[in-house]
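There are 4 protein chains.
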Amino acid sequence: MKRAMILLSILCVSIGLYGQNNWRRQSRVETRTINSKVLNADRDYNIFIPLSYDQEPNRKYPILYLLHGVMDTNLGWFERGRVKDVMDQLVASGEAHEMIIVTPNAGGNISEGAWNGYFDMPGWKYETFFFTELIPHIESTFRVIGNKENRAIAGLSMGGGGATVYGQKYPELFSSVYAMSALMSIPQQGAMQSQNPDDKMAILNKSVQDNCAIGFIKNSNEEQVNKLRSVNWFVDCGDDDFILDRNIEFNQAMREKGIRHEFRVRDGGHTWEYWHAALYTCLPYVSRNFKMNK
Amino acid sequence: MKRAMILLSILCVSIGLYGQNNWRRQSRVETRTINSKVLNADRDYNIFIPLSYDQEPNRKYPILYLLHGVMDTNLGWFERGRVKDVMDQLVASGEAHEMIIVTPNAGGNISEGAWNGYFDMPGWKYETFFFTELIPHIESTFRVIGNKENRAIAGLSMGGGGATVYGQKYPELFSSVYAMSALMSIPQQGAMQSQNPDDKMAILNKSVQDNCAIGFIKNSNEEQVNKLRSVNWFVDCGDDDFILDRNIEFNQAMREKGIRHEFRVRDGGHTWEYWHAALYTCLPYVSRNFKMNK
Amino acid sequence: MKRAMILLSILCVSIGLYGQNNWRRQSRVETRTINSKVLNADRDYNIFIPLSYDQEPNRKYPILYLLHGVMDTNLGWFERGRVKDVMDQLVASGEAHEMIIVTPNAGGNISEGAWNGYFDMPGWKYETFFFTELIPHIESTFRVIGNKENRAIAGLSMGGGGATVYGQKYPELFSSVYAMSALMSIPQQGAMQSQNPDDKMAILNKSVQDNCAIGFIKNSNEEQVNKLRSVNWFVDCGDDDFILDRNIEFNQAMREKGIRHEFRVRDGGHTWEYWHAALYTCLPYVSRNFKMNK
Amino acid sequence: MKRAMILLSILCVSIGLYGQNNWRRQSRVETRTINSKVLNADRDYNIFIPLSYDQEPNRKYPILYLLHGVMDTNLGWFERGRVKDVMDQLVASGEAHEMIIVTPNAGGNISEGAWNGYFDMPGWKYETFFFTELIPHIESTFRVIGNKENRAIAGLSMGGGGATVYGQKYPELFSSVYAMSALMSIPQQGAMQSQNPDDKMAILNKSVQDNCAIGFIKNSNEEQVNKLRSVNWFVDCGDDDFILDRNIEFNQAMREKGIRHEFRVRDGGHTWEYWHAALYTCLPYVSRNFKMNK
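Protein chains in written order, with the working numbering: chain A, 1 to 294; chain B, 295 to 588; chain C, 589 to 882; chain D, 883 to 1176.
So here's chain A without its partners, still in its complex pose (with noise of 0.2 Å):
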């Protein structure tokens, strides 16, 4: 009897109702806070903690950098990506490596005043934020091995543009892009004419359109196609999206310019199940691309 209602309760510890499961080590995910003298405001970010890290406190970890999409938080690829639950899984079973992940905060609710988006707009630096405070922050306060072979970033709809535009500017830093949905442009209709093109949602419109990944392409030349030759690409969307299109535009400017990537339509919409169901190609495809001296 004793051992059965054992096996009863490690059921119930399994469908996780009692909180944490402090009985046994675990990799975990913690909310933290970076002061940004550039942005002047607090921002939050997520950090996925591996296993292994405690219990070797000398190891340094590669990192990935997962971007959410406009509207959405840090917390959106926890919440409803279950970023946690997949690495686990797929650390489990060998198919990825252990790494530190983050999920900086480059949104929240617009209607209610938030900035959104990851390039430098007026009155909101946010891509010099990332790459002169956050990156340094974090590969300073946690283990990270901190070079371009073992860093690595993706991101879903807006975060895939952002992303992916990371990448092209920055191809010395990352080893992997692995875009999901991606805004790769917003179609550019003339002269502005919105009412307002002060508030944030124009701003952030302007900003992608000035951003945009697929002219990026278009436009380098040898010696930039030669840099972006150095990072392994990865672009993702589903047959039943909206922005498929401009998925199909970016693939072929890349064909065009015989950069190698991989590029995959899967079945699925604008949705967080194919986001979710995205992570178990885009973690160990990541992984793979890490150069570790174990």
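Treat the hints loosely; a few may be bogus.
Stated by the list, open to error - Cut-off 16 Å, straight-line C-alpha distance, at most; resulting in silico cross-link-like pairs (EDC-like, lysine to aspartate or glutamate):
| no. | chain 1 | residue 1 | chain 2 | residue 2 |
| --- | --- | --- | --- | --- |
| 1 | D | K1082 | D | D1002 |
| 2 | A | K291 | D | E977 |
| 3 | C | K879 | B | E443 |
| 4 | B | K585 | C | E837 |
| 5 | C | K806 | C | E760 |
| 6 | A | K37 | A | D120 |
Hints in this document: simulated from the structure, not taken from any laboratory.
With chain A fixed as given, assemble chains B, C and D onto it according to the hints.
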């Protein structure tokens, strides 16, 4: 500009922060309550209503009963297992048929006094409730085809055991049984040794021992075996699940009796990530076994 | 010892070096010949007969026509695509229905004088043969259900284009069309410039240009579009395939007209490994779309 | 027209009827022979040479030894398992590292007098040959890294048992062992009852019984268990395979001893389709476990 703004708005809705997407027809999930005379209590259930349900007012649907694990409730499969997301995607691609899915409540927090379990036990005749009240209520309240060919049952852990034993006792009612990480048995440890055999965990424990899915097969005579052969069985358990050996025993007992069934050991443990992923096999499997005259 | 020897013998048979496994019932593949008046020639075809065919002498089956690529013959799908192996596995697990599969011969070595292609061309009216002789012959010789709901067509490369155009011209005949790495069009390069417009490669080339699957959609009126909507379409092409852009154009034209279809870009090129792997999606897909009254 | 003709020509080459594609660099497969003093015979082997081998004359490669089943030869994995096709695709997408793959010949038609088996037996010391002649020959003839971290072994059926036992006896030599449908043991049926204990099937049978992979684990002491833990183990067997229970026993013995390993039961039987499909898991798995200093 206007079109660009529309695009960003679509993105926002897709990210799902604006709650219900009222601007297009969708499948939906409702929480309902049934008053049970057998249990002398109200019991909640959730129901997935497919997209076409309101558009085709004369159409009847196949049905899947989906059972949760110990200490969980009717909400688990939708909140943590995300059945709706998976179902919408598989229906869109044609991999699953439109169907009604019901998650009854057979649990809750035992330490707060909740009864748990799918079998009849002293003071809580859940199995009687399920077959004499719940199924008739559901299949008369909603447009359900209502025959064996178009009725399936599935579940995880304690609910996987429940689904399996229900299929064994009522093979004339179910076309398919899909058991995930199923509690096929609990080892019997001599006489009862619990200090308090009346507590609900001990009662649940005994009810599972009395309804052992493995023993049922071993004790089946040829007539019962033939009835079991009329059901499509699928057993799915992770290689890191502590309950794997019970599922192996079940598989071996089924083979011993010559009862055809599918058996899979995939990568993973006793986790929601495993059960979520199992839906991608479960929902097409039960769909293929439905026999609709459309 | 004896049992051990039997085990080893089973292993030997399984490895398959002893030729036909006559000791148990199996599905089988036959090569047959049809004499065509239209073509004024004999044409071979291969046919996959499902396991239950001989055991259930009154049962009729759904059918899949599976088309090969240029320079290939009726043998390609079985020898290099290994349809029988995949079919046996998917039927055993319930992922595909038992069905009859026919691979007609529409090719051979052009430099040795063989005609190639699925369309009517001067001197070789293959399309006429296919619809007025082959289908009637097959569906009267074998136990085929013989209606739209239970007839599907699929193919690779030139045969993917053939399957698509057949589905476009005869939507009342096919439930599903599955196109792999399909030759959806050949770019027209002004006037004919070939030295010898009478050679069979030039004739084939012109027949594909005259039967452009993309143009067909663009030129369809509302009535034709409605007929196209009665077919289940699946377009599948590798990200390293040189013909990817033609499949993208097809996908875009279908979306433009609002014709629902599945579109996938998987990993790979214009290779047998891709087509072999495609069977794992194709055979369940056409199965799900069959509507048998069993 | 010219461009169209070129397109059709490419299609023809892709379909592969024109033999070797000499017009572009490719990976390749060679058949070679080694003269063995231990066996007093010539033995063939096949070797897969990766694409970059000739282009990078100073680069060394990890290696995989891939073992065939009873009555088969060095050709089986390439002809029926199509290793080259799978390898080319997985390398192109980054899922597998470039590596050398060797399939030695440990079999042939017993009724025509061929010896079969991977162990030392009276008159045929294959295991001795493998470790004292074959490995040294291969790893000095070709550019192989040649350490444990970059050496893996895999096999099917009799070769799955061979790979497992080789990994058990020489854990210092292999980074990964991947066993497919493995002959982990043959039940011992009391005393020898064969009429002719000298025939090669009886000798093979006894050699497998004497090299039981399950017994090896059960009999391992703590020191041996620690060595076994230095290897990455993967056990993969179909749910319709008659040898499934032996693989379950192996999995249970490994768990009993606390030796971490992956275990999968996929859909299928003792067939080439199962082993072909297993390559998609096997090749990425051994790749991830290689530790190259690039």
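Going down the list of hints, with the structure as the test:
1. As the CA atoms of K1082/D and D1002/D are separated by approximately 13 Å, the hinted pair is consistent with the 16 Å bound.
2. Proximity of K291/A to E977/D is assessed by CA-CA distance (about 14 Å); at most 16 Å being required, the pair is judged to hold.
3. The hinted pair formed by K879/C and E443/B meets the criterion: a straight-line CA distance of about 15 Å does not exceed 16 Å.
4. A hinted pair counts as satisfied when its Cα atoms are at most 16 Å apart, and K585/B with E837/C does not qualify at roughly 37 Å.
5. Proximity of K806/C to E760/C is assessed by CA-CA distance (about 20 Å); at most 16 Å being required, the pair is judged violated.
6. Among the hinted pairs, K37/A with D120/A is consistent with the structure: their alpha-carbon atoms are about 14 Å apart, no more than 16 Å.
In this structure, the earlier hints numbered 4, 5 are contradicted, and the remaining ones agree with it.
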